[in-house]
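Undergrad: Protein chains in written order, with UniProt numbering: chain H, 1 to 186; chain F, 1 to 186.
Source of the hints: derived by calculation from the structure; they are not laboratory data. Treat the hints with care, since some could be wrong.
Just so you know, same-sequence chains aren't split out, so a pair can sit in one copy or run between any two.
[To be verified] When the alpha-carbon atoms are kept at most 25 Å apart in a straight line, the in silico BS3-like pairs for lysine-lysine are as follows:
| no. | residue 1 | residue 2 |
| --- | --- | --- |
| 1 | 36 | 15 |
| 2 | 78 | 65 |
| 3 | 78 | 88 |
| 4 | 61 | 157 |
There are 2 protein chains.
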Amino acid sequence: MDFEEKTLSRQEIFKGHIFTVAVDEVELPNGLGQAKRELIFHNGAVATLAITAENKIILVKQYRKAIEQVSLEIPAGKLEVGEAGNEKAAALRELEEETGYTAGKMEQLYDFYSAIGFCNERIRLYLAQELTKVENPREKDADETIELFEMTLAEAKEAIVSGEICDAKTIMAIQHWELMLGGSYG
Amino acid sequence: MDFEEKTLSRQEIFKGHIFTVAVDEVELPNGLGQAKRELIFHNGAVATLAITAENKIILVKQYRKAIEQVSLEIPAGKLEVGEAGNEKAAALRELEEETGYTAGKMEQLYDFYSAIGFCNERIRLYLAQELTKVENPREKDADETIELFEMTLAEAKEAIVSGEICDAKTIMAIQHWELMLGGSYG
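The following block holds chain H by itself, in its conformation from the complex:
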């Protein structure tokens, strides 16, 4: 079976700082004709499951304009231009800027697309352990207002149920943490 959709033409709609929007006209495989594909292009991001010596997860509370609500998430950030291929350093930078911590041990857990149906944002998720406070941490972005939380696994799972945690990458990280701890369902 042939799957590929060949690009016949691309119309660029918007070029922003966070993403670019385009509409492609494609030739469908298997003689199915033509179709339009609305697409978002994004530079990619990093995120970190950071576990403290007390076996707590570090979470960042921040306002998310897209949903007009605050949200509790693992530390994360966009890749800056030229950082592709250097995701681990980017993850350490975001961890330091948002939480004031650095990690003695960083391990890549997953590399995934957040919204594959229309967007190419790729997120690399790390596990950070052996955390230590940085004396003069790099400052966070000027437009960020954040608050830090540390939660046990039970507290984090409750926050998923209550909806306080409602972000895919954070739920994925917490599941992974539960699997690491050998936890069972329920």
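Put chain F on the given structure of chain H with help from the hints.
TA: For chain F alone, kept in the frame of chain H given last:
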């Protein structure tokens, strides 16, 4: 601490079939001034972790134009207009259209935002069990070319490592399945 970013103005950039793009000018909290927020508005989606009587996960292979690659994912689809509040029926419809199965038992697992930093797409993830083949299943969308796979947990985890599975909702579903089975790490 105040978190809210008040909308000063909104510029609508693009209104498509899949999403709408806007740029908001916002007033930051705590006297931090103003900023722009690039936003994607999406109608929401449903996805299903479908487990067969042989304890295999049903996966759908399809081409994803945003990444110019095929991808192996759990059955999923966008909510149609007027389906908000009726996500379970939408999930059953997508399951039937894409796989030919219906489920005797549907349970909501998670309700999350896929790309919360800039997009309000909300995905409701279900667990489908007691699967049976529908005799004359509803047809899939005319522009979809898909192929079905069934995998054991070990095979699905291998497909994550190999990158054949690279989609957030699918990784989340597989981790949930592993937790259900009481699996431990490694």
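Undergrad: Could you run down the list of hints and mark each one as holding or not?
TA: Now the hints, each set against the structure:
| no. | hint | result |
| --- | --- | --- |
| 1 | 36 - 15 | both (19 Å within a copy, 14 Å between copies) |
| 2 | 78 - 65 | both (16 Å within a copy, 22 Å between copies) |
| 3 | 78 - 88 | within (12 Å within a copy, 33 Å between copies) |
| 4 | 61 - 157 | within (16 Å within a copy, 31 Å between copies) |
The structure fails none of the hints (numbered hints given earlier).
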